[in-house]
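S.K.: Taking the hints into account, I'd like the entire structure generated from these sequences.
Line order of the protein sequences matches chains X and Y.
At position 343 of the first sequence the residue is numbered 343 (the numbering used here), and the sequence of numbers has no breaks.
At position 275 of the second sequence the residue is numbered 275 (the numbering used here), and the sequence of numbers has no breaks.
Hint data in this document are derived by calculation from the structure and do not stem from the laboratory.
Not one of these hints is a red herring.
No farther apart than 27 angstroms at their CA atoms in a straight line, the calculated lysine-lysine pairs in the BS3-like style are these:
(1) Y/185 - X/212
(2) Y/292 - Y/11
(3) Y/309 - X/309
(4) Y/309 - X/212
(5) Y/309 - X/189
(6) X/34 - X/2
(7) X/185 - Y/212
(8) X/212 - Y/11
(9) X/490 - X/377
(10) Y/189 - X/34
(11) Y/185 - X/2
(12) Y/309 - Y/185
(13) Y/51 - Y/34
(14) Y/249 - Y/212
(15) Y/185 - Y/212
(16) Y/108 - Y/309
(17) X/292 - Y/292
(18) Y/185 - Y/108
(19) Y/185 - X/108
(20) X/212 - Y/292
(21) Y/118 - X/185
(22) X/292 - Y/249
(23) X/5 - X/309
(24) Y/2 - X/185
(25) X/34 - Y/185
Protein chains: 2
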Amino acid sequence: MKREKCDLVIKGAQIFNVFTGQTEEGDIAVADGKIVAIGRGYEGKRVYDAKGYTAIPGLIDAHIHVESSLLSPEEFASLACVHGTTGIVADPHEIVNVCGIEGAEYMKEAFSKLRVGKVCPLDVYLQLPSCVPATPFETSGAVIDGTETERELERDLFYGLGEMMNYPAVLAGEEDAMRKLSAAKTLGKIVDGHAPSLTGDELNAYLCAEIKTDHEPFSVEECREKVARGMYIQLRNGSSAHNIVENVKAMDEFNFRRFILCSDDKNAPDLSRNGHLDDALRKLISLGVPAKYAVVCATLNTAECYGMKGRGALAPSYCADVVLVNNLSEFRVHAVFKDGEQVAENGKVLFSHEKRYLTDAVKSTVRMKDVTPDSFKIDIPSGKALAMYVRPRVLVTEKETVSVRCEGGDVCLENTDLVKLAVIERHFASGNIGLALVRGYGLKGGAIGVSVAHDSHNLVVMGDNNADMARVARLLKEAGGGMVAVCNGKEDVFPLDIAGLMSSAPAEEVIARAAEIGETARRMGVKEDYEPFMTLVFLSLAVIPKIRLTDRGLFDVEKFAFADLEIKG
Amino acid sequence: MKREKCDLVIKGAQIFNVFTGQTEEGDIAVADGKIVAIGRGYEGKRVYDAKGYTAIPGLIDAHIHVESSLLSPEEFASLACVHGTTGIVADPHEIVNVCGIEGAEYMKEAFSKLRVGKVCPLDVYLQLPSCVPATPFETSGAVIDGTETERELERDLFYGLGEMMNYPAVLAGEEDAMRKLSAAKTLGKIVDGHAPSLTGDELNAYLCAEIKTDHEPFSVEECREKVARGMYIQLRNGSSAHNIVENVKAMDEFNFRRFILCSDDKNAPDLSRNGHLDDALRKLISLGVPAKYAVVCATLNTAECYGMKGRGALAPSYCADVVLVNNLSEFRVHAVFKDGEQVAENGKVLFSHEKRYLTDAVKSTVRMKDVTPDSFKIDIPSGKALAMYVRPRVLVTEKETVSVRCEGGDVCLENTDLVKLAVIERHFASGNIGLALVRGYGLKGGAIGVSVAHDSHNLVVMGDNNADMARVARLLKEAGGGMVAVCNGKEDVFPLDIAGLMSSAPAEEVIARAAEIGETARRMGVKEDYEPFMTLVFLSLAVIPKIRLTDRGLFDVEKFAFADLEIKG
Chain X
1 MKREKCDLVI KGAQIFNVFT GQTEEGDIAV ADGKIVAIGR GYEGKRVYDA
51 KGYTAIPGLI DAHIHVESSL LSPEEFASLA CVHGTTGIVA DPHEIVNVCG
101 IEGAEYMKEA FSKLRVGKVC PLDVYLQLPS CVPATPFETS GAVIDGTETE
151 RELERDLFYG LGEMMNYPAV LAGEEDAMRK LSAAKTLGKI VDGHAPSLTG
201 DELNAYLCAE IKTDHEPFSV EECREKVARG MYIQLRNGSS AHNIVENVKA
251 MDEFNFRRFI LCSDDKNAPD LSRNGHLDDA LRKLISLGVP AKYAVVCATL
301 NTAECYGMKG RGALAPSYCA DVVLVNNLSE FRVHAVFKDG EQVAENGKVL
351 FSHEKRYLTD AVKSTVRMKD VTPDSFKIDI PSGKALAMYV RPRVLVTEKE
401 TVSVRCEGGD VCLENTDLVK LAVIERHFAS GNIGLALVRG YGLKGGAIGV
451 SVAHDSHNLV VMGDNNADMA RVARLLKEAG GGMVAVCNGK EDVFPLDIAG
501 LMSSAPAEEV IARAAEIGET ARRMGVKEDY EPFMTLVFLS LAVIPKIRLT
551 DRGLFDVEKF AFADLEIKG
Chain Y
1 MKREKCDLVI KGAQIFNVFT GQTEEGDIAV ADGKIVAIGR GYEGKRVYDA
51 KGYTAIPGLI DAHIHVESSL LSPEEFASLA CVHGTTGIVA DPHEIVNVCG
101 IEGAEYMKEA FSKLRVGKVC PLDVYLQLPS CVPATPFETS GAVIDGTETE
151 RELERDLFYG LGEMMNYPAV LAGEEDAMRK LSAAKTLGKI VDGHAPSLTG
201 DELNAYLCAE IKTDHEPFSV EECREKVARG MYIQLRNGSS AHNIVENVKA
251 MDEFNFRRFI LCSDDKNAPD LSRNGHLDDA LRKLISLGVP AKYAVVCATL
301 NTAECYGMKG RGALAPSYCA DVVLVNNLSE FRVHAVFKDG EQVAENGKVL
351 FSHEKRYLTD AVKSTVRMKD VTPDSFKIDI PSGKALAMYV RPRVLVTEKE
401 TVSVRCEGGD VCLENTDLVK LAVIERHFAS GNIGLALVRG YGLKGGAIGV
451 SVAHDSHNLV VMGDNNADMA RVARLLKEAG GGMVAVCNGK EDVFPLDIAG
501 LMSSAPAEEV IARAAEIGET ARRMGVKEDY EPFMTLVFLS LAVIPKIRLT
551 DRGLFDVEKF AFADLEIKG
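M.R.: In structure tokens form, the structure reads like this:
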């Protein structure tokens, strides 16, 4: 009412209105962190000249696993904020599979401690992971069953239930899954979905569980069907998964309110180089989506889907989460305000993010029973083995029968196109080691290993000799996790000291070190078709066809059963 | 998953999809009151052949004062249900102004007792009236202040806070109004708005109170501004207020998600003859709105605005509220299902609505201090009086100065165009009587009176002689409220025995009796420009310009102060 000065006036911006799809020039008046008026002639204790810029609401990522950035929450927040992100629905699926609930508590706390004035620069809506472990065929660091889910979901810590990947359990009405879903329902908390290729009767049944979102559709038809059945589609602009390109074709002027944006997995170089949701907006524009739809998908739609009060719009009573961009086609972020505080300008955050919050629960998480070179011996008396072949540039693997020669109870790898793969249990020092043979990866003269390995994050080590593989495993243990390469006596260790998943180093360092160690592995002969470490990370994910390796052995995904490495008879 | 038979399959309908705007032929499978699948080939314990019909979600009225129908909740529900209504946001503003909270409790309970199987045929989302009394210039039956609002709003009984009509109090930040609003905010309950002509700074300020809806815009520009500032527009298709015609012009393909439908006030003949929201849908179609937008405004949009879980769509996990219509242009309702139970077919409800739930609180509510003919004496020694003139067909009144002749301390009405108007306090038998002169109404040879009188519902009596006016008042008291006409010794009484606002008679009888007594009044000379009783009902509403009469006297709305009937000097 102009009776007194506002705290802040963002003056003279082109203000994009998510309700009308139109832009109006004017001021955004802010008091107590809230927008109190859109109009003209407001006076403020602080005034920000926004002439020439377009104001859009703070961008909200509907689904992201922060851990996949390899960055600490502090560094992730700083990269996200400069790109206009003011909210994320974070599913700490990875860290909870390692550290249990304490992993989620750590994430929340680390984000919460960031401050600009009294304001936290990023809203983090934490989902309780629904699938810990992801499958019963591997050993994860924690088990969160229906009973624990009922208890944990009651806490304010968790906004909802994370993506329900175990759709077979939902369709089968398995008791434990039902308890989780029914806890969410009772508490009125949202449940995220994950239902690749689910359509028809199965989709109907899955949705009876009141699962609300999906980021997995593979085709326009699947996408349209899911919208028709009431799902929100999370258009995914991840670092490797880009079904946004296909799925956006299912969006039209009528149904667009059911489309929201997500990253799912976004790595640090991608975040740093291309951006976050601003990158997704640019992609939508390049795919022919009018700006007014694109922006609403990243703001109002997400807020409505998740019931985020006071988010997603520039209007009175809404939180003053405002992003100034150069225009509605390039979305170059100039300044970002969160709850009325400026948090970023021209690619620089205005808050300190150097200090790391760390708890014991996420430190020194690699608890591995000691290994020796002999631990990696593979004896194939029959001379015939089931090998794994990774299809280039996709995560699908093929089963192949290979002839091998054994000597002293171990496979000879010389003059073959084979390497050994080991998945070593690292949560309880059980001594579990799964062993396999991989054809065509190209690695020679040493071993590489990583402690990020979806979804249980055991140690994955690949090599052409047992001694180097054992050395890699030990180095991973010592570093508390990370990426390791050992070649001709040279050792390269890039620690991921937070739960073996993330680095506490600054983002630039993480990006540089990840690139360097990748190059090291590449020099060891890893073919161009593969990302040396990142391909490794998925070789233990027992839900992707056709064959995987967990700490408990070789797993035939099509038969949904363990398989023998040796082919007898 | 077709593992077992559903409870009900609605087979072969053209199913309208609110998410896509498209229609697909198929089955709606229902179990436990919920839709479990949309598709084909489902088997059910019951099967309803819906071939040739179009299925839409149950219609939801975003704002209605049920009392204005003059019908009991049971009869209202029966009329609404046959027209495809499965939910109403009911603001019991009238009955609470008479009976206090017990009036709201009565309404809820009366609706709740209706049953088809285990199902209640109508969802009633009851709003706690925010303005009881509506103004401080009249005596209502109850006062609900901020403290009581805080207490009452906590109850499950109330879904939200009813239309905040007292916008000057909101703009002024008056403490009592703030307490009400802040109670709703704390509890996360929705607040309905009522802000005629509010724009610019005032609108910004009003919306800072997180008021979400409005049904009062007068113009396209006002409507567009309100949408831009984040309000939901309730397109109103009431019996007398039809701003739907103007306001719908503000709706476009982008912003339509912020438009919902309401009736506000809908009388029984209108409900019976024209329908309820189906009538509004036909009106939208006739105004050029494509059916896919119209239906979504009456279903999904309303459910989203009010956060009604599982309502507003035909999709798995949604409540099986299904309306079968002949097509998407005429919307002739063939059958209605609520929570999977059929509640209506071809204009007939399939549930018993004859029994009345009544509580002491709503019976015998006319507590009037006895009146005599002398109570209506108006002495104007100066011979000059301030009279009221009702402008034809609108509710606005004009102030006029008239010359009068007095005899024995009372105005002589013979050979004038004047009648007397009395508003008699009827809640506490205080003896308050406000008296006025009305010009040009046309009533001769008796008196008429009514106990419905917005918003405090005192008795309004009009007549050309004191004796008949007194008789009318006494008859109203005896009947516990209603409409009464006394003319040449003939008495016609149509009781509104529920709080003096509604009749416990069947709908057809209410419609017939209201028409008859209207005709009686018409025969007494009431001009065609006025609805004899319904015009009367608004003459004490102290917020509509320019002059009104309350139990405390003549009120100048423009000066916002009481006025003298006699003009001196």
